[in-house]
Structures are given as structure tokens and as C-alpha cells.
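Whole structure, please, built from the sequences with the hints as guidance.
For the record, the sequence lines run as chains A and B. Under the working numbering, the first residue of the first sequence is numbered 272, with each subsequent residue one higher. Under the working numbering, the first residue of the second sequence is numbered 272, with each subsequent residue one higher.
One or more of the hints may lead you astray.
Which copy is meant is left open, so a pair is good if it fits within one copy or across any two.
[Said to hold, decoys possible] Calculated pairs, DMTMM-like style, for lysine to aspartate or glutamate (alpha carbon to alpha carbon, straight line, at most 20 Å):
1) K283 to E326
2) K294 to E317
3) K276 to E343
4) K282 to D322
5) K294 to E335
These are calculated hints, taken from the structure and not from any lab test.
Number of protein chains: 2
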Amino acid sequence: MYHVKVFVTYKKSILDPQGETIKTALQQLNYTNVTKVVVGKYFELELSATDTPVEQQIENMCTELLTNVNMESYRYEIEQLPAKNMEE
Amino acid sequence: MYHVKVFVTYKKSILDPQGETIKTALQQLNYTNVTKVVVGKYFELELSATDTPVEQQIENMCTELLTNVNMESYRYEIEQLPAKNMEE
Numbered sequence: 272m273y274h275v276k277v278f279v280t281y282k283k284s285i286l287d288p289q290g291e292t293i294k295t296a297l298q299q300l301n302y303t304n305v306t307k308v309v310v311g312k313y314f315e316l317e318l319s320a321t322d323t324p325v326e327q328q329i330e331n332m333c334t335e336l337l338t339n340v341n342m343e344s345y346r347y348e349i350e351q352l353p354a355k356n357m358e359e
Numbered sequence: 272m273y274h275v276k277v278f279v280t281y282k283k284s285i286l287d288p289q290g291e292t293i294k295t296a297l298q299q300l301n302y303t304n305v306t307k308v309v310v311g312k313y314f315e316l317e318l319s320a321t322d323t324p325v326e327q328q329i330e331n332m333c334t335e336l337l338t339n340v341n342m343e344s345y346r347y348e349i350e351q352l353p354a355k356n357m358e359e
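The following block contains the structure:
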């Protein structure tokens with residue numbers, strides 16, 4: 272079993288109006304020391320091992336479904352979970 | 272300067288229809304080994320140091336603006352950036 276975290280944000284060249292709005296809102300709430308806000312999506316996946324390496328599966332999932340590769344960039348962290356006790 | 276990553280997901284007791292939909296979509300794309308998908312929001316903030324500890328500031332921002340504390344839970348990672356060279 273693998274536990275995978277995927278982070279998706281806009282590419283640097285793409286405007287992020289949601290982030291700008293949140294930055295303005297935070298500054299109006301007196302957090303004037305906030306200089307930058309980026310908003311993105313966050314996915315947590317759990318998947319079992321297959322013949323395909325998990326990195327390759329995640330790359331494919333990201334490009335096929337989870338992100339818009341024209342506008343968004345992604346990164347991910349893969350954590351292998353301890354195998355479940357089969358005797359249970 | 273601090274670089275802060277905030278992760279917001281629904282509480283476990285709250286239905287996550289978006290995650291369920293993505294799980295179904297992935298399974299239809301032949302990723303049948305995906306057993307769970309959770310969708311959330313992801314924020315990256317940059318802020319400068321103030322008299323208030325940064326942890327306390329982030330806690331306040333999360334409860335005041337970034338999350339709906341009734342339905343969502345949050346966690347964050349704070350990274351201190353190296354101070355900029357003042358001679359530059």
C-alpha cells in the first residue's frame with residue numbers, strides 16, 4: 272500500500288487571482304506581513320502495489336486527470352505504508 | 272521570512288463527493304488499485320517575521336479565513352527562509 276500526496280499549483284507564468292484575493296483579504300485582516308499567497312489543489316491517494324511502478328502510475332494519473340498540464344504544475348510525495356498483517 | 276504550506280481537507284465525518292468522483296474516474300481509467308482519494312485545498316504563504324509568533328499567526332489565519340472549521344481540518348508546515356543578504 273502506498274499513500275501519495277499530490278500538490279497542484281498554477282505555473283508561475285499563469286495569473287492566480289484566487290491567491291491574490293486571499294492575500295488582499297489577509298492584509299485587510301491585519302496580516303500585513305503576508306507577501307505572497309499561492310492557492311492550489313491537494314490530493315491524497317491510497318493505492319495498492321501493482322506491476323507498474325507507483326511513480327509512473329502517479330505521473331500518468333497527474334497528466335491524464337488530476338492536473339491541466341498546460342496551466343498547472345504538480346509535485347508529489349510517495350510514502351510506502353507498512354504491509355498489513357495477513358494473518359488477521 | 273517564512274514559507275508556510277497549509278493543507279486543508281474535509282473532516283473524516285464529512286462526505287467528500289469530489290474525492291469519490293475522482294476515485295471513480297481513476298478506476299474507469301484502469302487505475303483499479305486506487306482505494307481512496309481525498310481532495311483538499313493547498314495554500315503556500317510567504318510572510319515576514321513580526322512580534323507575533325508565526326505559528327500563532329498561521330493558526331489565526333486558518334480559523335479566520337482559510338478554513339471552515341466546522342467542516343474542514345488543517346495542518347501546516349513552516350519553513351524559515353534564510354535571511355536575505357542586507358548588503359545587496
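At most 20 Å between CA atoms: does that hold for K276 and E343 within a copy, between copies, both, or neither? both (16 Å within a copy, 18 Å between copies)
Alpha-carbon proximity context of K283 and E326, limit 20 Å: So K283 and E326 fail the 20 Å test inside a copy (24 Å) and across (27 Å) alike.
Between K282 and D322, at a C-alpha cutoff of 20 Å, which is it: within one copy, between copies, both, or neither? neither (32 Å within a copy, 33 Å between copies)
As a check of your reading, is K294 near E335 (CA-CA no more than 20 Å) within one copy, between copies, both or neither? Between copies only: 13 Å across chains, 31 Å inside a chain, cut-off 20 Å.
When no copy is named, should K294 and E317 be tagged within, between, both, or neither for a Cα gap of at most 20 Å? Intra 32 Å, inter 10 Å, cutoff 20 Å: inter-copy only.
Taken one by one, the earlier hints fail for this structure at numbers 1 and 4, listed in ascending order.
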